[in-house]
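Trainee: Dock chain to chain to rebuild the complex, using the hints, since each chain is given by itself in its own frame.
Chains A and B supply the protein sequences, listed in that same order. Residue numbering for the first sequence follows our numbering, beginning at 1 and increasing consecutively. Residue numbering for the second sequence follows our numbering, beginning at 1 and increasing consecutively.
The calculated lysine-lysine pairs, modelled on DSS-like cross-linking and capped at a C-alpha distance of 30 Å, are:
hint, chain 1, residue 1, chain 2, residue 2
1, B, 44, A, 69
2, B, 51, A, 49
3, B, 27, A, 49
4, B, 62, B, 44
5, B, 71, B, 51
6, A, 49, A, 68
7, B, 44, A, 58
8, B, 51, B, 27
9, B, 27, A, 58
Everything labelled a hint here was simulated from the structure, so no lab data went into it. From a predicted model like this one, the values you see are computed outputs, not experimental measurements.
The primary structure of each chain is shown beneath.
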Amino acid sequence: AQSVTQLGSHVSVSEGALVLLRCNYSSSVPPYLFWYVQYPNQGLQLLLKYTTGATLVKGINGFEAEFKKSETSFHLTKPSAHMSDAAEYFCAVRSSASKIIFGSGTRLSIRP
Amino acid sequence: NAGVMQNPRHLVRRRGQEARLRCSPMKGHSHVYWYRQLPEEGLKFMVYLQKENIIDESGMPKERFSAEFPKEGPSILRIQQVVRGDSAAYFCASSGTGGVQNTEAFFGQGTRLTVV
Chain A
1 AQSVTQLGSH
11 VSVSEGALVL
21 LRCNYSSSVP
31 PYLFWYVQYP
41 NQGLQLLLKY
51 TTGATLVKGI
61 NGFEAEFKKS
71 ETSFHLTKPS
81 AHMSDAAEYF
91 CAVRSSASKI
101 IFGSGTRLSI
111 RP
Chain B
1 NAGVMQNPRH
11 LVRRRGQEAR
21 LRCSPMKGHS
31 HVYWYRQLPE
41 EGLKFMVYLQ
51 KENIIDESGM
61 PKERFSAEFP
71 KEGPSILRIQ
81 QVVRGDSAAY
91 FCASSGTGGV
101 QNTEAFFGQG
111 TRLTVV
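Just chain B, with the same shape it has in the complex (with noise of 0.2 Å):
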């Protein structure tokens, strides 16, 4: 049963792109979340999605940042017009549904964002 995935693991972008994060969850989870950490710092929370759902985006930038995790496919963090404050490690997490055994989250190995 493979673990989180996360791809790509080390991402360079010149200031005004787009990048792209992309996640795929443990087999059988519906439920993923995204957090950034800086360096020498904690996981801040970003935002939390089911299938076709965003639950909780409470820690999005309000600009350029979106996030989706569609029926299909991975969850994807998108970042526009990318800006040097942006260079961070994208973490994401993913958990099952319900009940006491369901309640951590499992966390991929994170995407190193560096923007030039």
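Next comes chain A alone, as it looks inside the complex (with noise of 0.2 Å):
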């Protein structure tokens, strides 16, 4: 069976510093891995992937998540934080032909 975990229901950092948002997944086959941002009353818009191949991945918006298998891990950061990165953010595991299971989100509050 799959999940994830995200690590801090809500996350805030002032603008200018890093983010690092916090992704613990389970998966017994190789998974694949996704970052989704959320911005109120809309849908997922995906941020990032990992499939196969290289361990750091990057995103749109700066953003950029590195899979490692030995931790379990997949954490999102970001060097810098912008006032518009305020959202939920989600990341989810799947294996091939699976439903994609989602961590509960983590809240992101950028201060000025």
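Mentor: Okay, structure coming up:
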């Protein structure tokens, strides 16, 4: 069975500071891993994904994530936070031809 | 290429009525997923469908809820005899068929169901 754990339901950083959102997964087979962002009253937008190959994945809006198999982690980072980054972020996992399982989400707030 | 289209965006139903939520996947996609999001909570998987087949309905409540994805037309999530606890945002997502290039799902804007 697959599962995703996001540590910290709410993260607050200052504008310009490093953003780090944590995600750990459980999967019995090599996983596909995703980060999605959700702005208020909207659907989810894909930020980035890991399938195979390079373990450091770059996404939109300056975000990146690193797949660490030994730690079963896929943490999301951004070097410098911007006010427009305030949103809900979801980590997700799937194996081939299966449903996508989401974490409980992390709300990112940006302090001026 | 239009994205995933959900309608209606907002739906108000009285207790005991039926709610029908529609989802048209992206062009060329044959996999559809439905998720429910309660206020201040994450997305809970409900059902995974391919054309004319239910692949995984492990997240679907056993009663009152059903889903279909016919050969022609949109996917439908149907909730019979709605209760206040059904009030939530329901999101549909679609994905392509196979290969690492088709692993992610694309989401619609959601249908916000309010039961009064």
